[in-house]
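K.L.:
Given next are the chains, with one letter for each unit.
Number of protein chains: 2
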Amino acid sequence: MTTLVFERIAVVGIGLIGSSIVRGARAKGLAGTIAVADHAGPHLARARELGLGDDWHADAGDAAAGADLVMVAVPVGACEAVAKAIAPRLKPGAIVTDVGSVKASVVRQMKPHLPAGVHLIPGHPVAGTEFSGPDAGFAELFENRWSILTPPDDVDPAALARLVAFWRGLGANVETMTAEHHDIVLAITSHLPHLIAYNIVGTAADVEQVTQSEVMKFSAGGFRDFTRIAASDPTMWRDVFLHNREAVLEVLGRFTEDLFALQRQIRWGEGDKLFDLFTRTRAIRRGIIGLGQETPAPDFGRRKG
Amino acid sequence: MTTLVFERIAVVGIGLIGSSIVRGARAKGLAGTIAVADHAGPHLARARELGLGDDWHADAGDAAAGADLVMVAVPVGACEAVAKAIAPRLKPGAIVTDVGSVKASVVRQMKPHLPAGVHLIPGHPVAGTEFSGPDAGFAELFENRWSILTPPDDVDPAALARLVAFWRGLGANVETMTAEHHDIVLAITSHLPHLIAYNIVGTAADVEQVTQSEVMKFSAGGFRDFTRIAASDPTMWRDVFLHNREAVLEVLGRFTEDLFALQRQIRWGEGDKLFDLFTRTRAIRRGIIGLGQETPAPDFGRRKG
Numbered sequence: 072m073t074t075l076v077f078e079r080i081a082v083v084g085i086g087l088i089g090s091s092i093v094r095g096a097r098a099k100g101l102a103g104t105i106a107v108a109d110h111a112g113p114h115l116a117r118a119r120e121l122g123l124g125d126d127w128h129a130d131a132g133d134a135a136a137g138a139d140l141v142m143v144a145v146p147v148g149a150c151e152a153v154a155k156a157i158a159p160r161l162k163p164g165a166i167v168t169d170v171g172s173v174k175a176s177v178v179r180q181m182k183p184h185l186p187a188g189v190h191l192i193p194g195h196p197v198a199g200t201e202f203s204g205p206d207a208g209f210a211e212l213f214e215n216r217w218s219i220l221t222p223p224d225d226v227d228p229a230a231l232a233r234l235v236a237f238w239r240g241l242g243a244n245v246e247t248m249t250a251e252h253h254d255i256v257l258a259i260t261s262h263l264p265h266l267i268a269y270n271i272v273g274t275a276a277d278v279e280q281v282t283q284s285e286v287m288k289f290s291a292g293g294f295r296d297f298t299r300i301a302a303s304d305p306t307m308w309r310d311v312f313l314h315n316r317e318a319v320l321e322v323l324g325r326f327t328e329d330l331f332a333l334q335r336q337i338r339w340g341e342g343d344k345l346f347d348l349f350t351r352t353r354a355i356r357r358g359i360i361g362l363g364q365e366t367p368a369p370d371f372g373r374r375k376g
Numbered sequence: 072m073t074t075l076v077f078e079r080i081a082v083v084g085i086g087l088i089g090s091s092i093v094r095g096a097r098a099k100g101l102a103g104t105i106a107v108a109d110h111a112g113p114h115l116a117r118a119r120e121l122g123l124g125d126d127w128h129a130d131a132g133d134a135a136a137g138a139d140l141v142m143v144a145v146p147v148g149a150c151e152a153v154a155k156a157i158a159p160r161l162k163p164g165a166i167v168t169d170v171g172s173v174k175a176s177v178v179r180q181m182k183p184h185l186p187a188g189v190h191l192i193p194g195h196p197v198a199g200t201e202f203s204g205p206d207a208g209f210a211e212l213f214e215n216r217w218s219i220l221t222p223p224d225d226v227d228p229a230a231l232a233r234l235v236a237f238w239r240g241l242g243a244n245v246e247t248m249t250a251e252h253h254d255i256v257l258a259i260t261s262h263l264p265h266l267i268a269y270n271i272v273g274t275a276a277d278v279e280q281v282t283q284s285e286v287m288k289f290s291a292g293g294f295r296d297f298t299r300i301a302a303s304d305p306t307m308w309r310d311v312f313l314h315n316r317e318a319v320l321e322v323l324g325r326f327t328e329d330l331f332a333l334q335r336q337i338r339w340g341e342g343d344k345l346f347d348l349f350t351r352t353r354a355i356r357r358g359i360i361g362l363g364q365e366t367p368a369p370d371f372g373r374r375k376g
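Quick note, the sequences are listed as chains A and B, same order.
Going by my numbering, the first sequence opens with residue 72, and the numbers climb by one from there.
Going by my numbering, the second sequence opens with residue 72, and the numbers climb by one from there.
One chain only, chain A, in its complex shape (with noise of 0.2 Å):
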C-alpha cells in the first residue's frame, strides 16, 4: 500500500528512533524521497551501508534543505544546535518536527531559530527498546503504539493534517495535547520509571553484603526488570533529566513521599494497608493489556533467558 505523505523528508538522527522512521517510511511508501543526516560519522555510514535512505549528509542543513517534512530526532539537549543548523536551508511551509521526550523545552530551545512561514510542531512516538544505534530500529517500532504531538494554538491545520497522516501511515496512534501537559504526562509513564531504574540497579552494585555476581545470579526474583530500562542510551536520559527537571522533581517528590508511607507500614507491620495497595496495581496492568499497549502473554512472553 502506496500512501505518499511528502515528496521529501530529511531525518536529522539515524539511531533507534530516525532508522525506525526511514525504514517504515520508505516500507508503506510515505516518502519520495528520504534524506538523511547524522553528524556521527560511524552511524552515517552505517545509515548508507543499510540502504536507510537515498542521501547521506554530515550537516544537517545539507539534509534539510528542500524538505516538506523535517523529522530531528536527536537527545533532546541536541534540539538548539539543529536547529540554528537547519534554519537557513528551511523552504517555506515546511514542517519541523522532532521525537524528543520533552517537549517544552523543544520549543524553547528551536523556535527562536526558526523563519517565519516553517510549522514548527514537535512530537514524541510513545516507542523504543533499550538499544540504541541505526541497527536498532525496526519499521514496526511505531504500530499500536501512540505517538503525541503538541502543536501550537496557531497550528495551520493542514500541515497538522500531514504530520498526523505521516504518522498514522507508520501504524502509530495519534493524540494532541500542549506541551506542558506531555511533560508531566510523561514524567509519570517515562521519566520517574526511568529514573527508579537507574537508581535500583545503581544501589544494587553498591551493596556491600550482596555481591555483584549475586545481584546477577538471583536477579529473576524481579531485578532483572529494571535493568530493560536502565539500560537505554546515556546521552538521550541525560537530557531528558535536565531538560525535564521541574515535572520530574514534582513526581519523584509524590513518588518519595508514597515510599515513605510504605516503609512506614512495613516497619509497623501493617499488612492490611500493604495488601489493599497490593490488590489495587493490579488492575492497572489489565488496563494496560486492555488497551493493547502490554502483552498478556506472562513474564512479557520472555524467552528463557
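These are computed hints drawn from the structure, not numbers from a lab.
Quick reminder that beta carbons are idealized off the backbone N, C-alpha and C, glycines included.
Any given hint could be a false lead.
Unchecked claim - Listed below are the simulated SDA-like cross-link pairs for lysine to any residue, each with C-alpha atoms no more than 20 Å apart in a straight line:
| no. | chain 1 | residue 1 | chain 2 | residue 2 |
| --- | --- | --- | --- | --- |
| 1 | B | 344 | A | 149 |
| 2 | A | 344 | B | 313 |
| 3 | A | 344 | B | 306 |
| 4 | A | 344 | B | 344 |
| 5 | A | 344 | B | 277 |
| 6 | B | 344 | A | 276 |
| 7 | B | 344 | A | 162 |
| 8 | A | 99 | B | 320 |
| 9 | B | 344 | A | 306 |
| 10 | A | 344 | B | 316 |
| 11 | B | 344 | A | 313 |
| 12 | A | 344 | B | 317 |
| 13 | A | 344 | B | 146 |
| 14 | B | 344 | A | 146 |
| 15 | B | 344 | A | 133 |
| 16 | A | 162 | A | 182 |
| 17 | A | 344 | B | 276 |
| 18 | A | 162 | A | 228 |
| 19 | B | 344 | A | 277 |
| 20 | A | 344 | B | 149 |
| 21 | B | 344 | A | 305 |
| 22 | A | 162 | B | 316 |
Said to hold, decoys possible - Derived DEER-like restraints, expressed as beta-carbon distance ranges:
| no. | chain 1 | residue 1 | chain 2 | residue 2 | range |
| --- | --- | --- | --- | --- | --- |
| 23 | A | 251 | B | 335 | 43 to 53 Å |
| 24 | A | 282 | B | 215 | 41 to 51 Å |
| 25 | B | 340 | A | 247 | 23 to 33 Å |
| 26 | A | 151 | B | 215 | 42 to 52 Å |
| 27 | B | 361 | A | 277 | 19 to 29 Å |
| 28 | B | 78 | A | 339 | 44 to 54 Å |
| 29 | A | 251 | B | 283 | 13 to 23 Å |
| 30 | A | 342 | B | 247 | 25 to 35 Å |
| 31 | A | 183 | B | 280 | 48 to 58 Å |
| 32 | A | 367 | B | 163 | 43 to 53 Å |
| 33 | B | 340 | A | 116 | 25 to 35 Å |
To be verified - Here are some chain A residues pointing at chain B (derived, C-beta under 10 Å):
| no. | residue |
| --- | --- |
| 34 | 115 |
| 35 | 117 |
| 36 | 121 |
| 37 | 198 |
| 38 | 236 |
| 39 | 274 |
| 40 | 300 |
Based on these hints, arrange chain B on the given structure of chain A.
P.N.:
Structure of chain B alone, referenced to chain A:
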C-alpha cells in the same frame, strides 16, 4: 529420562510454584507418588481436574503422611500453621522444605514444631511469573533458574544431596547459603524491586494532573515494565515484606539515599554524574544476559501488545 529421587512427595499449596513443581516432577519422573494439599477448595478441585498429582487433600497433614519429601509452597506467613499441621504425621527421616522468598522467618516458624529425625532444609527457587494459581504453573519454570537452599549447619548430607538432586531434576541450578544471607540477597534482587514497582504504580494512579487513562495509554514509555511485577500475588508479597522487614528496610534506606543524590543531581543540572550512572548500569544487564538469566532480545522479546 526417569530419575526417581523420592518414592512419595507431598506438595502443600498448589499455586504457581507448587503446581510447577508437580508438573516438573511428573514430567521428569522425579517422584513415584505425588500428594497434593491445598486449604483453598477451588484450588484443590482445579488441581484434581488438571490431574496435578495422584491424591488430593484439604489437610496438609493427610498429604504429608508417609511422604519422603514435603514441599511447602504457601505464602511465607502460613508456614507455621503448615508446620503444626504436618508435624504429627511426618515419617521419620522425611525431608521438609519450602519455596518461600524469606528464609530466616521460615526457620523460626517451622523448626520448633517439627519432630526430631525430620530434616528441615528451607529452599527458594528464584523463578516465577506475575500469575498465580494451579493453572499458572508449568514444568519448565525452574529450568536454568537458581534454586537456593539454606541448610542448617548440622544438615544431614544425604538428605541435602537428595533435595539438591530433586531441584536439579527440575532443571534448576542449586546454591546453598545461610538463611540470613539469603534474606539480604533477595531483599535487593527481588523484594526491593517489587516494593518499588508496587509503589510507582500506586503513585501513577494518584497523580492528579494525569488521568488513569493517560497513564495506561502512554505506558510504553517505561511504566508498563513495572506493572508486571506489581501484578504479583498480594498475599504472598504482603507476607514477604512483613517477614523480611529488617533486610527490606535496610536496602530501602540505601535506595532512597541514592535516589536523593540523583534528585539533587537533576536539580543542580549535574549532567556528567547522571551520564556516569546511566553508563554504569548498562554493564549489569549485559552481565545478567551473559549468565543466562535474561533474554538478549530487545524489549524482552515482547510480543506487540
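K.L.:
Hint by hint, say whether it matches the structure.
P.N.:
Results for each hint:
As the CA atoms of residue 344 of chain B and residue 149 of chain A are separated by approximately 19 Å, the hinted pair is consistent with the 20 Å bound. Simply put, residue 344 of chain A and residue 313 of chain B have alpha-carbon atoms about 12 Å apart, close enough for the 20 Å limit, and the pair holds. With a CA separation close to 12 Å, the supplied pair residue 344 of chain A and residue 306 of chain B stays within the 20 Å bound. Of the pairs offered as hints, the one joining residue 344 of chain A and residue 344 of chain B is violated, with about 37 Å between alpha carbons and a cut-off of 20 Å exceeded.
Among the hinted pairs, residue 344 of chain A with residue 277 of chain B is consistent with the structure: their alpha-carbon atoms are about 16 Å apart, no more than 20 Å. Taking the CA atoms of residue 344 of chain B and residue 276 of chain A, the gap is about 16 Å. The hint holds against a cut of 20 Å. Proximity of residue 344 of chain B to residue 162 of chain A is assessed by CA-CA distance (about 40 Å); at most 20 Å being required, the pair is judged violated. Using a Cα cut-off of 20 Å, the hinted pair residue 99 of chain A and residue 320 of chain B is violated, with the two alpha carbons roughly 53 Å apart.
A C-alpha spacing of about 12 Å is found between residue 344 of chain B and residue 306 of chain A, which places the hinted pair at or below 20 Å, so the restraint holds. At roughly 15 Å between alpha-carbon atoms, residue 344 of chain A and residue 316 of chain B fall within 20 Å of each other, so this suggested pair holds. Proposed proximity of residue 344 of chain B and residue 313 of chain A is supported: the alpha carbons are some 12 Å apart, at most 20 Å. Distance check on the hinted pair: residue 344 of chain A and residue 317 of chain B sit about 18 Å apart at the alpha-carbon level, within 20 Å; holds.
A C-alpha spacing of about 17 Å is found between residue 344 of chain A and residue 146 of chain B, which places the hinted pair at or below 20 Å, so the restraint holds. Straight-line distance between C-alpha atoms of residue 344 of chain B and residue 146 of chain A comes to about 17 Å, which keeps the hinted pair within the 20 Å bound. Between the alpha carbons of residue 344 of chain B and residue 133 of chain A the distance comes to roughly 35 Å, so the proposed pair goes past 20 Å and is violated. A threshold of 20 Å between alpha carbons decides the hint, and for residue 162 of chain A with residue 182 of chain A the separation of about 16 Å falls inside it, so the pair holds.
For the given pair, residue 344 of chain A sits about 16 Å from residue 276 of chain B by alpha-carbon distance, which is consistent with the 20 Å threshold. Pair hint residue 162 of chain A plus residue 228 of chain A holds up; C-alpha atoms about 18 Å apart against a cutoff of 20 Å. The hinted pair formed by residue 344 of chain B and residue 277 of chain A meets the criterion: a straight-line CA distance of about 16 Å does not exceed 20 Å. Distance hint between residue 344 of chain A and residue 149 of chain B is fulfilled; the C-alpha atoms sit about 19 Å from each other, no more than 20 Å.
A hinted pair counts as satisfied when its Cα atoms are at most 20 Å apart, and residue 344 of chain B with residue 305 of chain A qualifies at roughly 11 Å. Simply put, residue 162 of chain A and residue 316 of chain B have alpha-carbon atoms about 64 Å apart, too far for the 20 Å limit, and the pair is violated. Checked against the hint of 43 to 53 Å, the pair residue 251 of chain A and residue 335 of chain B fails, with Cβ atoms roughly 24 Å apart. The hinted window of 41 to 51 Å between residue 282 of chain A and residue 215 of chain B is violated, with their beta carbons roughly 20 Å apart.
Judged by the Cβ atoms, the range 23 to 33 Å given for residue 340 of chain B and residue 247 of chain A holds: they are separated by roughly 30 Å. One distance hint, 42 to 52 Å for the beta-carbon pair residue 151 of chain A and residue 215 of chain B, holds here, with the actual separation near 48 Å. About 20 Å separates the C-beta atoms of residue 361 of chain B and residue 277 of chain A, a value consistent with the hinted range of 19 to 29 Å. Between residue 78 of chain B and residue 339 of chain A, the C-beta spacing of about 46 Å keeps the proposed range 44 to 54 Å intact.
Look at residue 251 of chain A against residue 283 of chain B: about 20 Å separates their beta carbons, and that is inside 13 to 23 Å. A beta carbon spacing of about 31 Å between residue 342 of chain A and residue 247 of chain B agrees with the range 25 to 35 Å that was offered as a hint. Checked against the hint of 48 to 58 Å, the pair residue 183 of chain A and residue 280 of chain B fails, with Cβ atoms roughly 28 Å apart. A hinted range of 43 to 53 Å for the beta carbons of residue 367 of chain A and residue 163 of chain B is consistent with their spacing of about 48 Å.
Under the hint 25 to 35 Å, the C-beta atoms of residue 340 of chain B and residue 116 of chain A, about 34 Å apart, fit the expected range. Look at residue 115 of chain A: its Cβ only gets to about 23 Å from chain B, farther than 10 Å, so that hint breaks. Checking residue 117 of chain A against chain B: minimum C-beta separation of about 17 Å lies over 10 Å; hint violated. With 10 Å as the threshold, the beta carbon of residue 121 of chain A stays out of range of chain B, its nearest partner Cβ sitting at about 17 Å, so the hint is violated.
Interface restraint check: residue 198 of chain A against chain B, minimum CB-CB distance 6 Å, threshold 10 Å, status holds. This hint is violated: residue 236 of chain A has a C-beta 20 Å from the nearest C-beta of chain B, more than the 10 Å allowed. Because the closest C-beta pair between residue 274 of chain A and chain B is about 5 Å apart, less than 10 Å, the hint holds. The criterion of a C-beta within 10 Å of any C-beta in chain B is met by residue 300 of chain A, whose closest approach is roughly 5 Å, and the hint holds.
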